[in-house]
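Protein sequences appear in the order of chains A and D.
Under our numbering, the first residue of the first sequence carries the number 66, and numbering increases by one thereafter.
Under our numbering, the first residue of the second sequence carries the number 6, and numbering increases by one thereafter.
Hints may be right or wrong, so weigh each one.
[What the hints assert, rightly or not] In silico SDA-like links for lysine to any residue, alpha-carbon gap of 25 Å or less:
#, chain 1, residue 1, chain 2, residue 2
1, A, K161, D, P40
2, A, K157, A, Q457
3, A, K161, D, R85
[Said to hold, decoys possible] Distance ranges between label pairs, derived from CB positions:
#, chain 1, residue 1, chain 2, residue 2, range
4, D, D113, A, G242, 35 to 41 Å
5, A, S300, D, R133, 50 to 56 Å
6, A, Q96, D, G42, 38 to 44 Å
7, A, P72, D, A135, 48 to 54 Å
8, A, D222, D, A71, 16 to 22 Å
9, D, R85, A, L512, 43 to 49 Å
10, A, R253, D, R85, 36 to 42 Å
11, A, R461, D, G41, 30 to 36 Å
The hints are simulated quantities; they were obtained by calculation from the structure and are not laboratory data.
Glycine included, every Cβ here is placed at the ideal spot set by N, Cα and C.
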Amino acid sequence: MSADRIPDPIAEGLARGWKVRDGATLAEDLQLTADVVIVGTGAGGGMAAETLAQAGLDVILLEEGGLHSSRDFRLDEARAYPALYQESANRKTADKGITILQGRTVGGSTVVNWTTSFRTPADTLAWWRTHHGLTDLTEAALAPWFDAAEARVGVADWQADPNPNNAVIERGCQALGYGFGRIRRNVRGCWNLGYCGMGCPTNAKQSMLVTTLPAALDRGARLLTRVRAERLLMSPDRQRVEAVLGQALAADGMTPTGRSVRIRAREVILAGGAIGTPALLLRSGAPDPWLRTGARTFLHPVALSGAVFGTRIEPYSGAPQTVYSDHFLHTQPVDGPLGYKLEAPPVHPLILAATLSGFGEDYRRLMTSMPHLNVLLALLRDGFHPHSPGGQVRLRADGTPLLDYPLTDAVWDGVRRSWLTMAEVQFAAGARQVLPVHEQAHPVSTLAEARRMIAELPLVSGLARIVSAHVMGGAAMSVRPEEGVVDSLGRHWQLDNLTIVDGSVFPTSIGANPQVSVYAFALRAASAVRHRMKA
Amino acid sequence: MRLSRRQLLQAGVAGSLVLAGGGWLAASRKTLPRPGGLRFLTADDAVVVSVLAPVLLGIPEVPRAAVVAGVDAAVLSLPRPVQAEVRELFDVLAHPLGRRWLAGLRDDWREATPQALSGFLGRWQTSRLALLRSGFQALHSLIGAAWYGQPASWEAIGYRQPQHVMERLP
Ligand SMILES: Cc1cc2nc3c(=O)[nH]c(=O)nc-3n(C[C@H](O)[C@H](O)[C@H](O)COP(=O)(O)OP(=O)(O)OC[C@H]3O[C@@H](n4cnc5c(N)ncnc54)[C@H](O)[C@@H]3O)c2cc1C
Ligand code: SF4
Numbered sequence: 066m067s068a069d070r071i072p073d074p075i076a077e078g079l080a081r082g083w084k085v086r087d088g089a090t091l092a093e094d095l096q097l098t099a100d101v102v103i104v105g106t107g108a109g110g111g112m113a114a115e116t117l118a119q120a121g122l123d124v125i126l127l128e129e130g131g132l133h134s135s136r137d138f139r140l141d142e143a144r145a146y147p148a149l150y151q152e153s154a155n156r157k158t159a160d161k162g163i164t165i166l167q168g169r170t171v172g173g174s175t176v177v178n179w180t181t182s183f184r185t186p187a188d189t190l191a192w193w194r195t196h197h198g199l200t201d202l203t204e205a206a207l208a209p210w211f212d213a214a215e216a217r218v219g220v221a222d223w224q225a226d227p228n229p230n231n232a233v234i235e236r237g238c239q240a241l242g243y244g245f246g247r248i249r250r251n252v253r254g255c256w257n258l259g260y261c262g263m264g265c266p267t268n269a270k271q272s273m274l275v276t277t278l279p280a281a282l283d284r285g286a287r288l289l290t291r292v293r294a295e296r297l298l299m300s301p302d303r304q305r306v307e308a309v310l311g312q313a314l315a316a317d318g319m320t321p322t323g324r325s326v327r328i329r330a331r332e333v334i335l336a337g338g339a340i341g342t343p344a345l346l347l348r349s350g351a352p353d354p355w356l357r358t359g360a361r362t363f364l365h366p367v368a369l370s371g372a373v374f375g376t377r378i379e380p381y382s383g384a385p386q387t388v389y390s391d392h393f394l395h396t397q398p399v400d401g402p403l404g405y406k407l408e409a410p411p412v413h414p415l416i417l418a419a420t421l422s423g424f425g426e427d428y429r430r431l432m433t434s435m436p437h438l439n440v441l442l443a444l445l446r447d448g449f450h451p452h453s454p455g456g457q458v459r460l461r462a463d464g465t466p467l468l469d470y471p472l473t474d475a476v477w478d479g480v481r482r483s484w485l486t487m488a489e490v491q492f493a494a495g496a497r498q499v500l501p502v503h504e505q506a507h508p509v510s511t512l513a514e515a516r517r518m519i520a521e522l523p524l525v526s527g528l529a530r531i532v533s534a535h536v537m538g539g540a541a542m543s544v545r546p547e548e549g550v551v552d553s554l555g556r557h558w559q560l561d562n563l564t565i566v567d568g569s570v571f572p573t574s575i576g577a578n579p580q581v582s583v584y585a586f587a588l589r590a591a592s593a594v595r596h597r598m599k600a
Numbered sequence: 006m007r008l009s010r011r012q013l014l015q016a017g018v019a020g021s022l023v024l025a026g027g028g029w030l031a032a033s034r035k036t037l038p039r040p041g042g043l044r045f046l047t048a049d050d051a052v053v054v055s056v057l058a059p060v061l062l063g064i065p066e067v068p069r070a071a072v073v074a075g076v077d078a079a080v081l082s083l084p085r086p087v088q089a090e091v092r093e094l095f096d097v098l099a100h101p102l103g104r105r106w107l108a109g110l111r112d113d114w115r116e117a118t119p120q121a122l123s124g125f126l127g128r129w130q131t132s133r134l135a136l137l138r139s140g141f142q143a144l145h146s147l148i149g150a151a152w153y154g155q156p157a158s159w160e161a162i163g164y165r166q167p168q169h170v171m172e173r174l175p
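The following block holds chain A by itself, in its conformation from the complex (with noise of 0.2 Å):
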């Protein structure tokens, strides 16, 4: 029996000699040095990691969720969400209106993400370029950095059919004349099972934790895990890191034990994720002259659609995403009423629970019918609309990290179209019932019911369910120190030997899942990092 188990790379590794401590169990306070320290280890840490250690640098890695593998992966929610996300996949915004899903943990939110695989689209560049000065973002000049990044993770068309969840998006989509599209993927002999979200059972998936990590461990980087990044320390003259001051956390990954590390590197790499990146900036007091720390933080906002079908529709399973629709994000400018990609997502029960309006009986019903339940998302473009500024990172008082962002009528104005978009998809593959996720919604048999429904719906946070799984910007790349906070290889324009290679440097939203997007410029600017090292 147990030659059928699947293995567990991660073991494997450790057993291997792999250098990793566990903050939770330190007995006593660290002083290490290093040629480079990175702090976070998912998308863009693991990137960074790789490239570094390659080139035979001393690389240490900080993180602040523990070491989970492929063993502990159970396809067990209530397992998953404490051990894997940010605040227990809880986190929301300062007025409670949106829910934030984050990775917290090694690998980070690679190892709980979708698969789902796009590269930063042409609009969203050209943007850049003409309204951000970012000149040297071009398709051209950035398609190697795509194409590595690809590779390495393995991005490839998807072979198999839609789970029935995601043939909704196409069979509606087909119906109505709106584009369409299957969506690539970044893994490797995939068992099409769907549980994703609560870390890839059989490896399959090609998260940092699998791919980059192992790799920069196997070139001897060090990892301590369970480790917070709490302060930069910097020069006397403000303008060098002098070392990061890290907390040691608890098995609950929240309490401090009381054993700090201290390290000091010739180069300081932050991958925290953003929200996580713009906090540890702000809690170091890190000079920020035009104060652009935390500041345009984005969130793709997502606006939900349900659908209750007559056949078996079992969004619990197969690959989470594989068909989109951009259809409106081209129907009007890049930065005029906000567009929205539709995409499904994958449902299982603690998270529906959670996420579903209502309560009593209608709550039970619409639970029960979880096998024939769709549900549709809308990722809205945010951060180009002169009104879609997006959100302010803060500090609560115990220094952990709080996002401000406030739901503007430009965002609610996309969030009411996008439930009536929704709807029409649905009904047109075949929905008997659709609800827009909102307190005060009921579910309609027609689209003119929809239709009356949803122009009256109250856009107020707290009523209508707006979730996110994508955080970005907040440490903008800039060309000019007053406009963001880094350059546009990621390097911080007032510490000079401190950059920045996660989702925190995209001056807007993405208007795309940003993974590959972060993937491509980590590399870029993690290369960067590694020519200036070696001259």
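Start from chain A and add chain D with the ligands according to the hints.
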């Protein structure tokens, strides 16, 4: 459901009580005992959860102790500042003043009818006060997640983990 002006004024008073007074309500309750096994919820909080769960979930026969234990575990997995907010919420609900003026329940939680409890949930769900709406959201997601995170809930909603994979997990 819209709140009347009178209710709003009352809720306003009580609302500021939540904001400012969570502290003193909490202080007066710090020493309350916790029933066996619970680490966050007090005995009074557990009563609130166990009477609300069947009404919120729409499942009269739901195993209440299991939901209470699930909520307790869920709160403990939240960061400290969020736990503190949940603490305030329960302190206010369990306090006779909070129950009367904010939840709008005349009777003690134990005696409240399903109709009365459902009325409370509905008022908070669509309240004009962001604070009460977020109180509803917190109860909704804690209780919903606590129940549907448990395998015992899955049969009723036709959900199953894929057996062929479960068998091969290490
Ligand atoms: C549920 C989910 C589904 C998603 N699906 C997709 C998808 O299908 N396609 C796609 O393109 N994108 C998807 N994304 C988004 C994508 O995964 C992220 O945009 C990407 O991983 C961001 O990379 P990053 O390096 O900025 O941050 P992350 O990958 O989030 O990594 C940041 C890491 O830094 C750690 N950290 C933060 N602060 C500190 C600190 N102070 N000290 C130490 N460590 C710290 C965190 O714990 C985390 O592990 C999804 C995200 C989620 C959460
Ligand atoms: S769908 Fe594929 S990648 Fe996702 S969890 Fe299942 S096997 Fe892993």
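Comparing the hints with the structure gives:
1. Restraint check for K161 of chain A and P40 of chain D: the C-alpha separation of about 30 Å exceeds 25 Å, so the hint is violated.
2. This hinted pair checks out: K157 of chain A and Q457 of chain A have alpha carbons roughly 13 Å apart, not beyond 25 Å.
3. Note on K161 of chain A and R85 of chain D: the hinted pairing holds, with a Cα-Cα distance of about 16 Å set against a maximum of 25 Å.
4. Checked against the given bound of 35 to 41 Å, the beta carbons of D113 of chain D and G242 of chain A, roughly 60 Å apart, lie outside it.
5. In this structure, S300 of chain A and R133 of chain D meet the distance hint of 50 to 56 Å, their C-beta atoms being roughly 52 Å apart.
6. Taken as a hint, the range 38 to 44 Å holds for the pair Q96 of chain A and G42 of chain D, whose Cβ atoms sit roughly 42 Å apart.
7. About 49 Å separates the C-beta atoms of P72 of chain A and A135 of chain D, a value consistent with the hinted range of 48 to 54 Å.
8. The hinted window of 16 to 22 Å between D222 of chain A and A71 of chain D is violated, with their beta carbons roughly 44 Å apart.
9. At about 47 Å, the CB distance of R85 of chain D to L512 of chain A agrees with the hint of 43 to 49 Å.
10. A hinted range of 36 to 42 Å for the beta carbons of R253 of chain A and R85 of chain D is consistent with their spacing of about 40 Å.
11. Hint check: R461 of chain A to G41 of chain D, Cβ distance near 33 Å, so the stated range 30 to 36 Å holds.
Going down the numbered hints, you'll see the structure goes against 1, 4, 8, while the others check out.
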